[in-house]
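Colleague: Counting in the numbering used here, the sequence shown runs from 12 upward without gaps.
Misleading hints may appear alongside valid ones.
Unchecked claim - In silico EDC-like cross-links for lysine to aspartate or glutamate, where the CA-CA straight-line distance does not exceed 20 Å:
(1) Lys-139 <-> Glu-73
(2) Lys-479 <-> Asp-518
(3) Lys-139 <-> Glu-106
(4) Lys-414 <-> Asp-404
As the list claims (entries may be wrong) - Label-pair restraints from in silico Cβ distances:
(5) Lys-139 <-> Ala-243: 51 to 61 Å
(6) Pro-436 <-> Ala-243: 50 to 60 Å
(7) Leu-510 <-> Cys-42: 51 to 61 Å
(8) Tyr-470 <-> Leu-508: 19 to 29 Å
(9) Trp-30 <-> Asp-438: 34 to 44 Å
(10) Leu-103 <-> Arg-505: 40 to 50 Å
Hints in this document: simulated from the structure, not taken from any laboratory.
The beta carbon of each residue, even a glycine, is placed where N, CA and C say it ideally should be.
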Amino acid sequence: MTKASGDKQATAGSIGLLWWLAGAAVLFATCIAIRYSGQALLEAYAFRQTQTALTSYWMQKEGWHFAYWTPVAGFPWSVPFEFPIYQYCVALIGELGGWNLDRVGRLVSFAWLVACLWPAFSIARRLKLPRDVALVFCALLFTSPIYVFWGRSFMMETAAVFFSLAAISFALDFIDSGERYGSVLLFSLCASLGCLQKITTTGPVVLVLGCLWSLSVLRRGEWRWREIAVAACGFAVPLLMTVIWTKYSDSVKLANPLGRQLTSGTLIAWNFGTLAQRLDPGTYAGVVWRRVMVPNAAGIVGLFLVAGALTMRRSRAIVLWALLLFAAPILIFTNLHVIHEYYQTANVIFLIAALAIAVGCWLPSIAPRALVPAVTFVLMAFNLHAYYKVKTDAGLSYAALAKRPYDTTNQPSLALAAVVRGLVPADSGLVIFGQDWASILPYYAQRKSFAVPTFFAQYETAWQEPQKFLGDTPLGAVVICQSDGKEPGAEAIRQALLLHPHWHLTDAVGCSVITTGT
12 MTKASGDKQA TAGSIGLLWW LAGAAVLFAT CIAIRYSGQA LLEAYAFRQT
62 QTALTSYWMQ KEGWHFAYWT PVAGFPWSVP FEFPIYQYCV ALIGELGGWN
112 LDRVGRLVSF AWLVACLWPA FSIARRLKLP RDVALVFCAL LFTSPIYVFW
162 GRSFMMETAA VFFSLAAISF ALDFIDSGER YGSVLLFSLC ASLGCLQKIT
212 TTGPVVLVLG CLWSLSVLRR GEWRWREIAV AACGFAVPLL MTVIWTKYSD
262 SVKLANPLGR QLTSGTLIAW NFGTLAQRLD PGTYAGVVWR RVMVPNAAGI
312 VGLFLVAGAL TMRRSRAIVL WALLLFAAPI LIFTNLHVIH EYYQTANVIF
362 LIAALAIAVG CWLPSIAPRA LVPAVTFVLM AFNLHAYYKV KTDAGLSYAA
412 LAKRPYDTTN QPSLALAAVV RGLVPADSGL VIFGQDWASI LPYYAQRKSF
462 AVPTFFAQYE TAWQEPQKFL GDTPLGAVVI CQSDGKEPGA EAIRQALLLH
512 PHWHLTDAVG CSVITTGT
């Protein structure tokens, strides 16, 4: 056997092993997604999951429209944030199949994650990376704890990531040559859909790609104005669409008493965070190291591999851009990433890409290629250990959170929702105190609601005149759950019952449910 034929067999064997590892990873994540797809939306960040689900539920009930309903903030029911691409997909599929909405939402989210493989493999091909890279990426993505867990949650994160990757794939077609107008159009479409779905995910990607395109134009030194104008329009359209949607959604929110406190202008500080947060080493130790590197990139091992890739001329530029795509969302939307653990689903995928390039491109340059599947297997083992053993912000591992059973016997929110469904007619509304403006009770009680947060400017009015915030939907019940002491207490409830003799008080799961008899 010649050396060339031996190398060819070794390469084929390495590729074969990587296919097995990638397939096993996808199968593992798929089994997790399917097995726990029926879990109630309470395992983590129930506030956000049920808010997304509430939109899909009322789309099924009332139909789709631009000012879509999320009946948690009172009449007129619409407080739009993101453009509801994912929510509409879930509502449509659930309606056509007559399936449980929780299950559909989780599986649709996971389907978007699987769909990310198409643009990911396309990007690897456009960058002329070795075949190993895409397979290593697949193996690491579908064992990464953050994607195994959040990829099957009822949220639009994976849909936004898909559009981001698709935008990158088409952008690479014209960034170097500038001659593919069809690619500019497809890039603009995917980038616009991604920004509309979730600006905090796709916005930074478009920004980084814009910088890459600008540098490419300067490097070529050829000022072909028509091509430059077409590409510039391709980048301008997502920005324009985002501005139009933001202006529209803000105008809709202004019609809602609570929505006026939730416009883009009032949330700027909350979304972007402070300079102090960006300069605080604790931000990066907590978000980048503890949440991301240790559980999703093998900690020091992953750091060493990525650093190694930066020493290789062939892979250095690609890895640097991947790391910039990873860092940009954290640097731009710092507070959101500090507060919300799931927000890193927007950018960890680019760190995984950098790690895959290190394993599939740099490692074979310093060691036998047979080492690539072995190192991939070790990194997968790190990921799986983190999924089952490393604690999250909730105090449990992702595996423990995913398999937690929820029903009316062990979850007060579900028990309270069951009581409310039994006491309050379906065409009546709820006014809720003591649960912030969380959508958990409105979603599972399946009643239009106003969950009154303590920061609401008319908090006392909401207690004195609850019907005022439900429009023409009759008040069915006022629900009071004591949490921080600002909620109406026993004396206030007694006075309300004296004022309204036909009202009736029921104690349910530690909360007071005052039904109105409507």
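Colleague: Which constraints among the numbered hints does this structure fail? Numbers only, ascending.
Modeller: As far as the earlier hints go, 1, 2, 3, 5, 9 are violated by this structure, in ascending order.
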